[in-house]
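Student: So the chains spell out like this:
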Amino acid sequence: MTLKLKSVTAGYRNHAVFSNLSLPEIPAGALVAVIGPNAVGKSTLLKSIAGLLPISGTMTFAGENLAGLTSHQRTRRVGYLPQPLPQAIPLVAYETVFSACRSARGDWSREETEQAIEEVFDTLGIRQLALRRLSEMSGGQRQMVGLAQVLVRQTPLMLLDEPTSALDLHWQLNVLNAVRDATNQERSVALVACHDLNLALRYCDQVLVLSPGGQAELGTPEQVLTPDLLARTYGIEARIERCSQGQPIVLADRPLPAGVR
Amino acid sequence: MSSVSPAQMTKLGDSAPRTTLASEYRRFVLRRVVCLVALAVVAVVALLVDIASGPSMLGLADVVHGLLNPESIDAGTRVIIEDIRLPYALMAVVVGACLGLAGAEMQTVLNNPLASPFTLGVGAAATLGASLVIAFNLSFLGLAAHILLPLSAFVFAAVASLLILILSRSLGASVHAVVLFGIALLFGINAVVGLIQFVADAESVQQIVFWTMGSLARASLDKVLIVALVLAICLPFSLRNAWAMTLLRSGEEQARSLGIRVERLRLTVLMRVSLLTAAAMCFVGEIGFIGLVAPHIARLMLGEDHRFLLPGSALAGAVLLSLSSIASKLLVPGVVLPVGIVTALVGIPLFILLIIGRSRRVAL
Chain G
3 MTLKLKSVTA GYRNHAVFSN LSLPEIPAGA LVAVIGPNAV GKSTLLKSIA
53 GLLPISGTMT FAGENLAGLT SHQRTRRVGY LPQPLPQAIP LVAYETVFSA
103 CRSARGDWSR EETEQAIEEV FDTLGIRQLA LRRLSEMSGG QRQMVGLAQV
153 LVRQTPLMLL DEPTSALDLH WQLNVLNAVR DATNQERSVA LVACHDLNLA
203 LRYCDQVLVL SPGGQAELGT PEQVLTPDLL ARTYGIEARI ERCSQGQPIV
253 LADRPLPAGV R
Chain A
21 MSSVSPAQMT KLGDSAPRTT LASEYRRFVL RRVVCLVALA VVAVVALLVD
71 IASGPSMLGL ADVVHGLLNP ESIDAGTRVI IEDIRLPYAL MAVVVGACLG
121 LAGAEMQTVL NNPLASPFTL GVGAAATLGA SLVIAFNLSF LGLAAHILLP
171 LSAFVFAAVA SLLILILSRS LGASVHAVVL FGIALLFGIN AVVGLIQFVA
221 DAESVQQIVF WTMGSLARAS LDKVLIVALV LAICLPFSLR NAWAMTLLRS
271 GEEQARSLGI RVERLRLTVL MRVSLLTAAA MCFVGEIGFI GLVAPHIARL
321 MLGEDHRFLL PGSALAGAVL LSLSSIASKL LVPGVVLPVG IVTALVGIPL
371 FILLIIGRSR RVAL
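Top line first, the protein sequences correspond to chains G and A. Letter 32 of the first sequence, counting from 1, is numbered 34 in my numbering, and no numbers are missing. Letter 113 of the second sequence, counting from 1, is numbered 133 in my numbering, and no numbers are missing.
No wet-lab data here; the hints were simulated from the structure. Hints should not be assumed to be uniformly reliable.
[As the list claims (entries may be wrong)] Listed next, with one range per pair, are the computed distances between beta-carbon atoms: (1) A:197 / G:175: 56 to 64 Å; (2) A:179 / G:188: 45 to 53 Å; (3) A:186 / G:254: 15 to 23 Å; (4) G:15 / A:260: 31 to 39 Å; (5) G:69 / A:260: 52 to 60 Å; (6) G:133 / A:207: 54 to 62 Å; (7) A:64 / G:69: 24 to 32 Å; (8) A:166 / G:138: 28 to 36 Å; (9) A:260 / G:71: 18 to 26 Å; (10) G:21 / A:186: 26 to 34 Å; (11) A:197 / G:121: 36 to 44 Å; (12) G:182 / A:44: 52 to 60 Å; (13) G:188 / A:44: 53 to 61 Å.
A virtual CB, placed ideally from N, CA and C, is assigned to each residue, including glycine.
With the rest of the complex left out, here is chain G (with noise of 0.2 Å):
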């Protein structure tokens, strides 16, 4: 199960966001951060490979053309969280989810749906909001509510567009976990945009640099982010050093003046 992605373009309405991108193949398994400043493409990325916008170009995973797909196939293969959190309505967490198993996996029975939303409340942790009302909860909490709408699907293909951005460091660190053991499980291919460096450093196999002149870079966290990479694409002077446990970090010192970057 690996993603290919050649020659791809993609943006809005007359305006494209990336063009011709091409990116090597990504592995069964992986775990991609997609980094890059604001307004790369990103999120056009997720979208796109989602099945969200239009595209040109082609995108395959697991050998099959995912523009190929019906919207049926599609939500069976590729689960999407997008950045808006869930909205704070009077509809509870369970049933939340419950309506994404309904929608994406018609084919399970009601045991396997039950035994699949039991298992991904415990998985992230929120047992406890399974009956409260996305209305009463924090932004945090329905972020973690979104993502069990995701990962309830066991999808092989996941695509998260900055699915920490609401939670504190230990819900962050619960999330990735979770993502980490679906792809090591499961062999299942998680694309993850996110802007927290250390993290992508420490949980992904890969990482996917956008930047803004349209150039993409796919390697893994140390062959990538180098100080003159995080230069050119978020104009910063940094430092990759690594901790007492040997364990890269980036150190952002300054931004570069306009000219420099």
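Assemble the complex: chain G is given as a structure, and chain A must be docked to it using the hints.
Tutor: Only chain A this time, still in chain G's reference frame:
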């Protein structure tokens, strides 16, 4: 960092005896079903009280006997129940249900709690369609006025719905854009209706004004049957879309990624809203407020799961209009006020009570 950490709650919960989430959820659903049944019982009681009330007050027992076994009561009471009160009371129930359902669906697909067939001009468009037929005595393809009038109301309501849909899409469907456009449409249509009244003769003006006040006085069993038929046709389609609408409310992008064709859903729902609104209005005229408030009452009681919200909103609409109908007969002794005038007077206190009750529960 959120002050109520789910982790802490999970740790606390671990010591409690563990039941499956599915069984907890089933108990939760059962409470909702009970709530829905209670609402249906209230609707039936309101219907019976509506039949019993009027210039000559009847006992509830007489009403029940009269309905179940007409031979058991005297001829005079039977005429009052069957020919006068029953069509009137049934019309209140079915029209209220149509408006409650239409309002809930519209609020969902436009993702806007202020949306209703009336606040966004769909009701006014139906009035415009009716006014044109009344004022200019139109005939089309040989159709009689009593057929052309509801038909024209429907076509205008559908066009208004489509205009809202097209414009909200081209403006990015933001809440402000839809509401502003709906309000602009409402004012624009009201201006045209005003113009029609200005040029129409006195009798037509009277008929148009009567339409805009909303009255159940011209109800008859066959008209009730037509509205009930429209409701019976629409409700199963609404319920078929219940899961999709629930997902749409929790988040549009997530719904899209789950295979919901949001544009198509909006289009079919808005068409259904026009049909329900036109059916509700064509025999009784404009009855505002119900389509706006019934969904909120249902949401406060039943939450946002559309399997319960949609029938709940229809029932809440039926109860509201039934209570309004009772009030319209009792507020001024000897006079039956147009029910459209009374709906807000009855609905607002009920609505405020529910909001206060809800906020107390949340505070506890």
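Student: Hint by hint, say whether it matches the structure.
Tutor: Do the hints match the structure? See the list:
1. A:197 / G:175: 56 to 64 Å: Distance hint for residue 197 of chain A, residue 175 of chain G is violated at roughly 40 Å.
2. A:179 / G:188: 45 to 53 Å: holds (51 Å)
3. A:186 / G:254: 15 to 23 Å: About 47 Å separates the Cβ atoms of residue 186 of chain A and residue 254 of chain G, which means 15 to 23 Å is violated.
4. G:15 / A:260: 31 to 39 Å: holds (33 Å)
5. G:69 / A:260: 52 to 60 Å: violated (29 Å)
6. G:133 / A:207: 54 to 62 Å: Violated, at about 44 Å.
7. A:64 / G:69: 24 to 32 Å: Given a distance of about 54 Å, which is not inside 24 to 32 Å, the answer is violated.
8. A:166 / G:138: 28 to 36 Å: Given about 50 Å between the Cβ atoms, the range is violated.
9. A:260 / G:71: 18 to 26 Å: holds (24 Å)
10. G:21 / A:186: 26 to 34 Å: Distance hint for residue 21 of chain G, residue 186 of chain A holds at roughly 30 Å.
11. A:197 / G:121: 36 to 44 Å: holds (41 Å)
12. G:182 / A:44: 52 to 60 Å: violated (29 Å)
13. G:188 / A:44: 53 to 61 Å: violated (27 Å)
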